[in-house]
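Colleague: One-letter residues, chain by chain:
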Amino acid sequence: MENALPLRKSFSLSLVFHAVIFIALIVTLVLSPPAKPPTTLDLQQSTKIVQAVSVNQAQVAQEMAKLKNQQAQAQAAEQARLAALKQQAAQAAKLKTQQEQALAQLKAQQQAALKQQQAQLAKIQQQQQAAQKQLQSIQQNTQKAQQQQQQVSKQLAQTKQQKANEQKQLQQAAENSLQQQLNQDATQLNQAKQQQINSELAKYTELIRQAISQQWIVPANSNRSAFCILEIALAPGGVVTNVQLKQTSGDPVLDRSAITAVYKASPLPVPTDPSLFKLMQDIQLKVQPDSVS
Amino acid sequence: MRKLLLSIAALTLAAFTPNAYAVLNIELTQGIAAAIPIAVVPFSQGANASSTDVAAVIHNDLANSGQFNVADNGSFNQYPQSADQVNTSYWQGKNVDDIVIGNVQSIGGGQYKVTFSLISLFNQAPNNVLLTQQYTVSQNELRRVGHHISDLVYQQLTGIPGIFSTRLAYILVQRNPDQTAKYMLMVADEDGYNARPILISSQPIMSPSWSPDGKQIAYVSFESYLPQIYVSNVATGQRRLITSFSGINGAPEWSPDGKQLAVALSRGSANPNIYTLNLASGSLQQVTNDWSINTEPTWSPDGQTILFTSDRGGSPQVYEINMATKATQRVTFNGNYNASASFTPDAQNIVLLSRQNNAYDIAFLNLQSGNLQLLTHGGNNQSPSIAPNGKMVVYATKASGKNVLAMVSTDGKVNMQLPDQLGDVQEPAWSPFIS
Numbered sequence: 090m091e092n093a094l095p096l097r098k099s100f101s102l103s104l105v106f107h108a109v110i111f112i113a114l115i116v117t118l119v120l121s122p123p124a125k126p127p128t129t130l131d132l133q134q135s136t137k138i139v140q141a142v143s144v145n146q147a148q149v150a151q152e153m154a155k156l157k158n159q160q161a162q163a164q165a166a167e168q169a170r171l172a173a174l175k176q177q178a179a180q181a182a183k184l185k186t187q188q189e190q191a192l193a194q195l196k197a198q199q200q201a202a203l204k205q206q207q208a209q210l211a212k213i214q215q216q217q218q219a220a221q222k223q224l225q226s227i228q229q230n231t232q233k234a235q236q237q238q239q240q241v242s243k244q245l246a247q248t249k250q251q252k253a254n255e256q257k258q259l260q261q262a263a264e265n266s267l268q269q270q271l272n273q274d275a276t277q278l279n280q281a282k283q284q285q286i287n288s289e290l291a292k293y294t295e296l297i298r299q300a301i302s303q304q305w306i307v308p309a310n311s312n313r314s315a316f317c318i319l320e321i322a323l324a325p326g327g328v329v330t331n332v333q334l335k336q337t338s339g340d341p342v343l344d345r346s347a348i349t350a351v352y353k354a355s356p357l358p359v360p361t362d363p364s365l366f367k368l369m370q371d372i373q374l375k376v377q378p379d380s381v382s
Numbered sequence: 073m074r075k076l077l078l079s080i081a082a083l084t085l086a087a088f089t090p091n092a093y094a095v096l097n098i099e100l101t102q103g104i105a106a107a108i109p110i111a112v113v114p115f116s117q118g119a120n121a122s123s124t125d126v127a128a129v130i131h132n133d134l135a136n137s138g139q140f141n142v143a144d145n146g147s148f149n150q151y152p153q154s155a156d157q158v159n160t161s162y163w164q165g166k167n168v169d170d171i172v173i174g175n176v177q178s179i180g181g182g183q184y185k186v187t188f189s190l191i192s193l194f195n196q197a198p199n200n201v202l203l204t205q206q207y208t209v210s211q212n213e214l215r216r217v218g219h220h221i222s223d224l225v226y227q228q229l230t231g232i233p234g235i236f237s238t239r240l241a242y243i244l245v246q247r248n249p250d251q252t253a254k255y256m257l258m259v260a261d262e263d264g265y266n267a268r269p270i271l272i273s274s275q276p277i278m279s280p281s282w283s284p285d286g287k288q289i290a291y292v293s294f295e296s297y298l299p300q301i302y303v304s305n306v307a308t309g310q311r312r313l314i315t316s317f318s319g320i321n322g323a324p325e326w327s328p329d330g331k332q333l334a335v336a337l338s339r340g341s342a343n344p345n346i347y348t349l350n351l352a353s354g355s356l357q358q359v360t361n362d363w364s365i366n367t368e369p370t371w372s373p374d375g376q377t378i379l380f381t382s383d384r385g386g387s388p389q390v391y392e393i394n395m396a397t398k399a400t401q402r403v404t405f406n407g408n409y410n411a412s413a414s415f416t417p418d419a420q421n422i423v424l425l426s427r428q429n430n431a432y433d434i435a436f437l438n439l440q441s442g443n444l445q446l447l448t449h450g451g452n453n454q455s456p457s458i459a460p461n462g463k464m465v466v467y468a469t470k471a472s473g474k475n476v477l478a479m480v481s482t483d484g485k486v487n488m489q490l491p492d493q494l495g496d497v498q499e500p501a502w503s504p505f506i507s
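Line order of the protein sequences matches chains A and B. Using this note's numbering, the final residue of the first sequence is 382, and nothing's skipped along the way. Using this note's numbering, the final residue of the second sequence is 507, and nothing's skipped along the way.
Hints are computed from structural coordinates only; laboratory data are not their basis. You may find that some hints are simply not true.
Unchecked claim - One side of the interface only, derived from the structure: several residues of chain A facing chain B at Cβ under 10 Å: (1) His107; (2) Met153; (3) Lys157; (4) Ala163; (5) Leu224; (6) Ile227; (7) Gln229; (8) Gln304; (9) Thr337; (10) Arg345; (11) Met369; (12) Ile372.
Stated by the list, open to error - Here are a few chain A residues that sit away from chain B, every Cβ distance over 10 Å (derived from the structure): (13) Gln223; (14) Ser346; (15) Ile348.
For clarity, every value in this text was computed on a predicted model and none was experimentally measured. Beta carbons: idealized from backbone N, C-alpha and C, even for Gly.
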């Protein structure tokens, strides 16, 4: 659109130029000397002139000078007209050169602008890529910090798949991505929760072990290789509701010392979170005298 | 790494739970070494109360055993007589694991009905009643019933046989103002009660030793002014002379099978050697044969070796001799006086008298490690004799210028004096289990 205007301008300029030349040619044709009369006419005239009257010599000279003058005048006018024409042509050529120069300049300007635009575009793309790269690295770092290596690779695969989906169908990809994001969030949440559960479980296992240990009076004569296994049922809050001897040590004194220790340690330290407690309400305790403090 | 461990723990946890039903597995290997906290509730006596407080006998037995921490019954305001009357939380509040309850009822004719139960406060009914028994006895058997109940409770809760029905033999010396003295071979209950003389003499009596069945006591008597070895029947007092060799006749000790006595005889020489005497045939066999003093023989539980005291190394030390090979080895190396040694029933340790820093103390030597542990400290003690369950040692000690009996647990934690006697007490000997 921008270059349409100079194009039309140059077109109309050339139209004017041609019109000028055309008019000049018409003028030249009209003003050029008349063609020689046909030969037959010439013969009739000459015959007539010779046969009739004699001619006044001075009058003829005068007539000839007059004609000659007329001819010179016409010639000078023609020359002036030609000079004017020439000047006009030169002017037109000059105009054309100017026009061409303007065009070239315009073109150069356009190219420069295009180049600049392309450069800018490339720069933006580079920036975008850099930003994306940065985003990716940030994501990777976060994932690394949050997850085990196995989980990281799993997530990377998930992310790749997600990207592929995005490229296929933008709309769907957006939806899919959202869904996946949600799923991923849920997975991450589950993993985090599982880790928390495990660490809580480990903590309370140790607390329970300590609590029973502090109550367990190891029988003086107990065999160090003997052990019994108890099944302990807990109520919320850690109250020991039942202790069953699942496997005897063969030494009733050792068995009872263990059972007594469990009941004495009641209520055992348990988590208040009901879902966590559910994992601890049934305990299998192996008791083997190894050391006393 | 920690997360890895946790996940391993989780995996392990998962591996332990084959069912969807989650079971938490815990392993306990460490506990505490402590006396078992117990309460002995005073028994109801009813009308015609006997003078014997059976519950008090049980209370003292358990308290003196070293294995129990018996609650002070002055703080009780509940006195259950049967299992269904036991308020578990009340007694748990007294910080005890078990309680002994019971009652003594006079049923006429000088007879008493004694019932008792041992209740665990940390086992649920009906498993909470660990023991329950009923006895009908005469007035003078009430203490024995108390000791018997103590034995049952002790065995039930520790797994070790109780020694509360065993007895002690010892020599009681009463010195008169006219310079004469009365020497008595005494037998008493393990707690010092019911002391009675087996033999009374104006001349010294020494070195009592129980037969393995607990029915006879061998000893040295100077009644004929020369040492002779006799054996007396505990129940009847009947006695017989065993040895009367010239010189020293000393330190009789029954073999585990009851067929022989190990003795120290000088037989006319200056110093005694160890011999064994077959009680049925009277045949004598020499065990040691040298010019040093060799005395105080005691048998290993299997009867294969004999421990004895000898000064062959320049100072009194304990040696062990193999009866079959006569191979002898020195057992004690701590200090320059170790004597009066005897094996624990498991033959893993010996109890002896050891002089450390000019004090004579009861010591416990682990034969495997060679570790010598003093059970008493800075005392003036003599004649250790170990209980048949290996958990207590009785010995003679000086207190307020008198010789009295004392006991110490073999872990050194409980040390107590027995009731005072009218006179000086010497050379206690702990009886075997008496059936």
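Colleague: If a hint holds in the structure, say so; if it doesn't, say that too.
Modeller: Cross-check of the supplied hints:
no., hint, in the structure
1, His107, "violated (88 Å)"
2, Met153, "violated (129 Å)"
3, Lys157, "violated (124 Å)"
4, Ala163, "violated (115 Å)"
5, Leu224, "violated (26 Å)"
6, Ile227, "violated (22 Å)"
7, Gln229, "violated (18 Å)"
8, Gln304, "holds (8 Å)"
9, Thr337, "violated (13 Å)"
10, Arg345, "holds (7 Å)"
11, Met369, "holds (5 Å)"
12, Ile372, "holds (5 Å)"
13, Gln223, "holds (27 Å)"
14, Ser346, "violated (8 Å)"
15, Ile348, "violated (6 Å)"
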